[in-house]
Amino acid sequence: MSFWFNLVKDVFLRMLQLLSFSRRKISNSLSIYIKTNTGSTLSVELDPKWDIKNLKEIVAPQMGIAPEDIKIIFAGKELHNSIIIEECDLGQQSILHAVRTPHKIVNKTRNTDLIEESISETSDLNDSSGSKPMNETLMDLSLDESNLENLSLKEQQENRAHFYVYCSAPCKNVTAGKLRVKCARCGSGAVTVDRDPQCWPDVLQPRRITVNCESDFCPVTSSMHKDETESQVSYAHFYFKCAKHPSLGENDEAVPLYLVKPNLRNIPCLACTDIRETVLVFPCEAGHVTCLDCFREYCTVRLHERRFEFDEEYYTLPCPAGCPNSYIREVHHFHLLGVEQYERYQRFSTEEHVLRAGGILCPRPDCGMGIIPPSIEDDRECRRIQCIGGCGYVFCRICLQGYHVGECESQMSDASTSVFSSNYYSVDPLKANQATWDEASKKTIQTSTKPCPKCRTPTERDGGCMHMVCTRAGCGYHWCWVCQTEWTRDCMGNHWFG
Amino acid sequence: MAALPRRIIKETQRLMQEPVPGISAVPDDTNARYFHVIVTGPEDSPFEGGLFKLELFLPEDYPMSAPKVRFITKIYHPNIDRLGRICLDILKDKWSPALQIRTVLLSIQALLSAPNPDDPLANDVAELWKVNESEAIRNAKEWTRRYAMDN
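Protein sequences appear in the order of chains A and B.
Using our numbering, you'd call the opening residue of the first sequence number 4 and step up by one each time.
Using our numbering, you'd call the opening residue of the second sequence number 873 and step up by one each time.
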């Protein structure tokens, strides 16, 4: 009972509190935070139907100044008085910034001398008219720097930017995203951009768009009157937030999946030819398009075949049409595959990185620990590898069987038992052989595969000719199934088809 | 069986409505992923006048994996083995989901026009094609007459 009483009391008090700010009724409240340039944060409840002028009236008494002296900044824009709150794509717990308009405040005395200096100098960069919020003005960003020229109003409406992000917590999913901006120097959100970003490089690369930072604590703002050199310019730092969950504060960011776009141009998918709402545009010159389902399938098939490739340090895929320079550089896009497949992607990626760095994967089943051994100088010493930090297995670097003295045995038949040669019990070696855990798979691998002559990856030939191309990332060796050496013209002539 | 992907339906419809000249591809009555294909031997090739039967199968993960294609009619060709298997890069590692049944069949037709004994070769056929081209062409014509006509 006391719970209900408290709840009712709470609501009632809150209503009273709000009514004291304004005589309006709140139909559908939005709870947001207002950060002032003096560093304090106010929590307010808003009606999405209100405009910015109403908001200023609420905030003014708390800041101790007149409403007309306040500038409201959100997502890099100063919002003018007539903008309706619900047009601004504010979510629950979003943060707005309220700062004093400079010209009115020059004579006011403040405790911190810092503030006075900053305010008197920020001059007329932003006249009090303000502008529309970023989500209203921002066009769909192109991948390169080509311009969207002279679009009609209707086209502008249709080209309104949509963003997709990977929200690592709490959504753990690909969601709609919101573009936000802060000062690259001080991290404050109280900035207005000098122009809207027009393309993805504007957003992703630093030092492309300048901002006017209104934070009193920004080193740029406070020192501007002394030294207005090039180095004192503030740049925009763009970042993204997930639009699906209430903001969890200023550090709650999400990774932009910039290849995912709304299919505004109705381009059919390269693979299934359907026209879908959301597509992935590959970074090739042609900008090939796949729907997200086909993208998932493409990645899954390539993952099954372990045919992701290295593009510099990225373990990734190119455009499925085989275009040059079309690798996906933001590997978070593979989150589109879902949790399970993404984990697999991560594991393969790690393993391939270890192998590429000259490392070894522990051969013990269910271990697979990555080990970077010292380089081979003394062959004999370095052949013994112990899986430290993993299962502790001691094995031979060359044959990947249990460590042994002397030459490696060419086939693996006895190796599995020789590890445990100091058995206390006497066991029939034949039966012991049959009873080992992965003997069956070893046998299958042994009988159905041949190792790539270059990288030793067990390779299965499931039909076709004798010309093998190793599909392991970074190998790609052409070899002959019959000779088990490099593929030559003689192989073609003599036993191309066996 | 799982529903047929729309892409396969669309491709099939287009193959029926606007067939590629010299190629017919008809899905099997009981399996829409299995196509009965007939390719006519291109003019000015040793295969002219022949009708070559092929089978084409779209695997489960088509179009992410290549279709499987095989000649059923015997053919004397340096790039096709005696079981009818074709060693064509776009059917293997050069496959891309941007390719279609149509483009695969066109490539196979082009392969008949331009046998390539210098690159991938098929044992004795290729050997002869290189050593004695006129005899190889005579063989090809003979096989075409014997296996690919009046059937």
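These are calculated hints, taken from the structure and not from any lab test.
Computed from a predicted model, the values in this text were never measured in an experiment.
All C-beta atoms in this analysis are idealised placements derived from N, C-alpha and C, irrespective of residue type, glycine included.
It cannot be assumed that every hint is accurate.
Below, simulated BS3-like cross-link-like pairs (lysine-lysine); rule was C-alpha separation at most 25 Å, straight line [what the hints assert, rightly or not]:
#, chain 1, residue 1, chain 2, residue 2
1, B, K966, A, K453
2, A, K457, B, K966
3, A, K453, B, K964
4, A, K38, A, K52
5, B, K946, B, K882
6, A, K457, B, K964
7, A, K453, B, K1002
Far from chain B, by Cβ distances over 10 Å, these chain A residues were calculated [claimed, not checked]:
#, residue
8, P173
9, I375
10, L403
11, P456
12, F500
Here's how the hints hold up against the structure:
For the suggested pair K966 of chain B and K453 of chain A, the alpha carbons sit about 23 Å apart, so the restraint of at most 25 Å is met. Our distance criterion of 25 Å between C-alpha atoms is met by K457 of chain A and K966 of chain B, whose separation comes to about 21 Å. For the suggested pair K453 of chain A and K964 of chain B, the alpha carbons sit about 19 Å apart, so the restraint of at most 25 Å is met. The straight-line distance between the Cα atoms of K38 of chain A and K52 of chain A is roughly 21 Å, inside the 25 Å bound, and the hint therefore holds.
For the hint linking K946 of chain B to K882 of chain B, the alpha-carbon distance of about 31 Å lies beyond 25 Å, and the restraint is violated. With a C-alpha separation of about 21 Å, the suggested pair K457 of chain A and K964 of chain B falls inside the 25 Å cut-off, and the hint holds. Our distance criterion of 25 Å between C-alpha atoms is broken by K453 of chain A and K1002 of chain B, whose separation comes to about 31 Å. The Cβ of P173 of chain A sits about 33 Å from the closest Cβ of chain B, beyond the 10 Å cut-off, so the non-interface label holds.
Here I375 of chain A stays apart from chain B, with its beta-carbon at least about 31 Å from theirs, past the 10 Å limit. At the 10 Å boundary, the C-beta of L403 of chain A stays outside the reach of chain B, the nearest C-beta of that chain being 27 Å off. Residue placement check: P456 of chain A keeps its beta carbon more than 10 Å from all beta carbons of chain B (closest about 18 Å). Not every C-beta of chain B lies more than 10 Å from that of F500 of chain A, the closest at about 4 Å, which undercuts listing it as non-interface.
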